[in-house]
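**Q** Residue numbers (my numbering), protein chains in the order written: chain X, 1420 to 1875; chain E, 1420 to 1875.
Treat the hints with caution; some may be incorrect.
[Said to hold, decoys possible] No farther apart than 35 Å at their CA atoms in a straight line, the calculated lysine-lysine pairs in the DSBU-like style are these:
#1 X/1673 - E/1673
#2 E/1503 - E/1850
#3 E/1741 - E/1726
#4 E/1741 - E/1788
#5 E/1730 - E/1720
#6 X/1673 - E/1528
#7 E/1741 - E/1720
#8 E/1720 - E/1827
#9 X/1503 - E/1503
#10 X/1720 - X/1742
#11 X/1726 - X/1741
#12 E/1673 - X/1528
Because the hints were derived from the structure by calculation, they are not lab data.
Number of protein chains: 2
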Amino acid sequence: MARNNTVKADAHAPAVTALLANFAVNHPSRGWDDAVEREAHRTFANWVGCAIGPSHHETVEAALTAVQELQPSAQASLLGRPEKVDIASAALLNGISSHTWDFDDTHLKTIIHPAGPVASAVLALGEHLNIAGRELIDALVIGIEVSCRVGNAIYPDHYDRGWHITGTTGMLGSAAACSRLLGLDAARTQMALGIAASQPIGLREQFGTMTKPFHPGGAARVGLMSALMAKHGYTASQRALEAPRGLLQVFSDKTDWREISEGLGERWEAALNTYKPFACGIVIHPAIDGCVQLRNAHGLKAEDVAKLTVKVHSLVLELTGKKTPTDGLQSKFSVYHSCAVGLIFGQAGEHEYTDEVVNRPDVLALRAKVEAIVDDRIDEAAADLTLHTTDGRELHVFVEHAIGSVEKPMSNAQLRAKFTGQADPVLGADKAALAWALALDIAQQPDLHAFIDAAT
Amino acid sequence: MARNNTVKADAHAPAVTALLANFAVNHPSRGWDDAVEREAHRTFANWVGCAIGPSHHETVEAALTAVQELQPSAQASLLGRPEKVDIASAALLNGISSHTWDFDDTHLKTIIHPAGPVASAVLALGEHLNIAGRELIDALVIGIEVSCRVGNAIYPDHYDRGWHITGTTGMLGSAAACSRLLGLDAARTQMALGIAASQPIGLREQFGTMTKPFHPGGAARVGLMSALMAKHGYTASQRALEAPRGLLQVFSDKTDWREISEGLGERWEAALNTYKPFACGIVIHPAIDGCVQLRNAHGLKAEDVAKLTVKVHSLVLELTGKKTPTDGLQSKFSVYHSCAVGLIFGQAGEHEYTDEVVNRPDVLALRAKVEAIVDDRIDEAAADLTLHTTDGRELHVFVEHAIGSVEKPMSNAQLRAKFTGQADPVLGADKAALAWALALDIAQQPDLHAFIDAAT
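Bound-form chain X, shown alone (with noise of 0.2 Å):
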């Protein structure tokens, strides 16, 4: 009874949880600037591509065969697949599908990948609902800002003690988003962040295993499914975020109570999203970025090169210096292949890491006549490219900014190409092509189902 019962608890903290659920169910549809509706919208195509991509990999595989254990009702769609589960199940396995290739979105402030779970609940109810497609963007918007406003509120301190913040976000808002397509009041609404509140989904100590995506798709389901229980009457605590034992001070030993309220409905964070035109690890895409830029100005092939030296921070090569990979999984870490594979084929989505390709002789050769050098006068962020042609010629670029940053965003044209590089081999380029040109125009959309049509 002497003991210490109550850790650095705040009692004052503001009452968050009413406030995001009043915010959740009461913001006007389409409450905000055309920047933001066009980020919504190319975070849900960007999203969708990569949950179409990985659909058919051992783990989506594993994950499925492990629901269809409990013979469940066919309420909604799989992307890329052709078969349909019960809502929450489908929430729960396009969530997985589209972190697999690690490959999806990123809100840089948080590291939360933010469509993970709120698009994968909202598309998984919306199509049992028969929503219209506006009504999915207004969810991802609110259901986007509820995530990484909690994430805004205790990062750094939370993912540095070790917690997968997707994940541990990720939850409220898919209860905040799927609790507005249900139609539920704010005092409804708050119970289902409250249900929410008890179940954080991930650790980072799960990286590299099948259970990181498994984060997002969890989170995604128990944000419906708290959702749906409120919706039904069950009950918990008004204060579940902020109170001294509410999740907040529970699993983060700093919280700016300010992130959460301050301009809440008038600046977004769902603006701030980002998209990885690569698929590894972030801090080789300035070199892959600028063999890209090399090969397009000036025709390049793979013949044309006799040595490319590439100046980076100390940081790339600590992570990706492995000058031999093997299989798909090292060349992930390797600025050799990365390079040599941006130079060969203009990109380096998740076929350029392949088995397959990792092997390819043209590949082999080129990655050998690849040199990178420390220089620590070049940011983290950048890379300097000089590249010598086997007819002589020097040519050189500076990459200040990799394409992907915030400060030199994706293109639709680019994104477009990141989509059909994942969706193509699922759906044939057709289907495709119809799925990606309705995603990105969902909210014009009466209801779902063309759309669905097309990405399954």
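Position chain E against the provided structure of chain X, taking the given hints into account.
**A** Just chain E now, with coordinates in the frame of chain X:
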């Protein structure tokens, strides 16, 4: 990059994930002494009654209605109810029901309610797999061991921090038990524990809401699904519990690893389980016990009581000093009401804490004759009662340890009376009697059919 990314991490923690997985699948069937075997059956039978009693409570109705939105298949039964749902949902719902009245079992070293997360999963999966009763008890003992040993390792720090330890360790016990039932090997069981480790459930902030009983149910569900995913090849960290960013180091600041390993398979936490005899806070139990003793020893009726004086530790009045409760929930925090029903009914089950009983004239009259006096020479776990009868006798009893404590365990007859009080109103007396007899002898049953028929 300069941030301290590994908070207080112990990089040399022993490999407890592998240890527990190996134990869970390789420990022999009934590899323990008679005392453990007996307590395991009492644990199961007590849990069954606790799940049947509130099986039509609004908490269970709300959760079931939400689950039914998924149109689940009819794989497994709900105790006390006619519906069947998929195995994961059955684990969830039976787990919720069994903790709804907060009347279930307690592992006093950790305040874990051990049966809920484990038995709920084992019964649901076991029904589906058509297991023998022997397998059910084996899985229950193993699962409780895993949960409670992990609890021992992190208690009290983890609990003090605000986590509801029943749900934040229970998913591991459930995963271990279900892995055993599924016949997984040690490597896959290690994966099941790892998948479950990313999904701890429960905040103490939820106490007093429906989300408290959600915690054991949710943990049961998580463990079952983690085992199913591992069965189909889903992977997780091999060191998901003990790694520097593994679960135990992330959500507890102090972990005593020896609590997990020492004597594993030799001494058993299931042998230490206790059962609540009264449906109220544990600090009033000695006073109620004294009232029941006086009533039974002297054949007292309400009209025989002139005055009751109860001397208790100050904590008792601090927590349960409500003099004039007006409804059932308030009455659980009233030593006065509790003594009155103990004297009148000889028990204090959920029925004695209903609105109806709280406002009965005889209860109100007797309650007014109860005086509670603080005497801090009396231990928190004790009570000293002096009763004056209307015919001038002075009766006295000193309760050093209340019934239901480790020192004075409930007899099987008392457990049966508790079961009857919960199950008879739901099942009828005949079916309830059969359910009790089969539960208390479940390891001798060739399958679970007869028990399930009686208990639903």
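**Q** Are the hints correct? Go through all of them and say.
**A** We went through each hint and held it up to the structure:
1. Of the pairs offered as hints, the one joining residue 1673 of chain X and residue 1673 of chain E holds, with about 19 Å between alpha carbons and a cut-off of 35 Å not exceeded.
2. Using a Cα cut-off of 35 Å, the hinted pair residue 1503 of chain E and residue 1850 of chain E holds, with the two alpha carbons roughly 18 Å apart.
3. Proximity of residue 1741 of chain E to residue 1726 of chain E is assessed by CA-CA distance (about 18 Å); at most 35 Å being required, the pair is judged to hold.
4. About 14 Å separates the Cα atoms of residue 1741 of chain E and residue 1788 of chain E, which keeps this hinted pair within 35 Å; it holds.
5. Of the pairs offered as hints, the one joining residue 1730 of chain E and residue 1720 of chain E holds, with about 22 Å between alpha carbons and a cut-off of 35 Å not exceeded.
6. Using a Cα cut-off of 35 Å, the hinted pair residue 1673 of chain X and residue 1528 of chain E holds, with the two alpha carbons roughly 30 Å apart.
7. Between residue 1741 of chain E and residue 1720 of chain E the CA atoms are separated by roughly 24 Å; this keeps the pair inside 35 Å, and the hint holds.
8. Distance restraint check for residue 1720 of chain E and residue 1827 of chain E: the Cα-Cα separation of roughly 26 Å lies within the 35 Å cut-off, and the hinted pair is therefore satisfied.
9. The suggested pairing of residue 1503 of chain X with residue 1503 of chain E holds, with an alpha-carbon distance near 22 Å, which does not exceed 35 Å.
10. As the CA atoms of residue 1720 of chain X and residue 1742 of chain X are separated by approximately 22 Å, the hinted pair is consistent with the 35 Å bound.
11. Simply put, residue 1726 of chain X and residue 1741 of chain X have alpha-carbon atoms about 18 Å apart, close enough for the 35 Å limit, and the pair holds.
12. A C-alpha spacing of about 30 Å is found between residue 1673 of chain E and residue 1528 of chain X, which places the hinted pair at or below 35 Å, so the restraint holds.
This entry satisfies every hint, going by the numbered hints stated previously.
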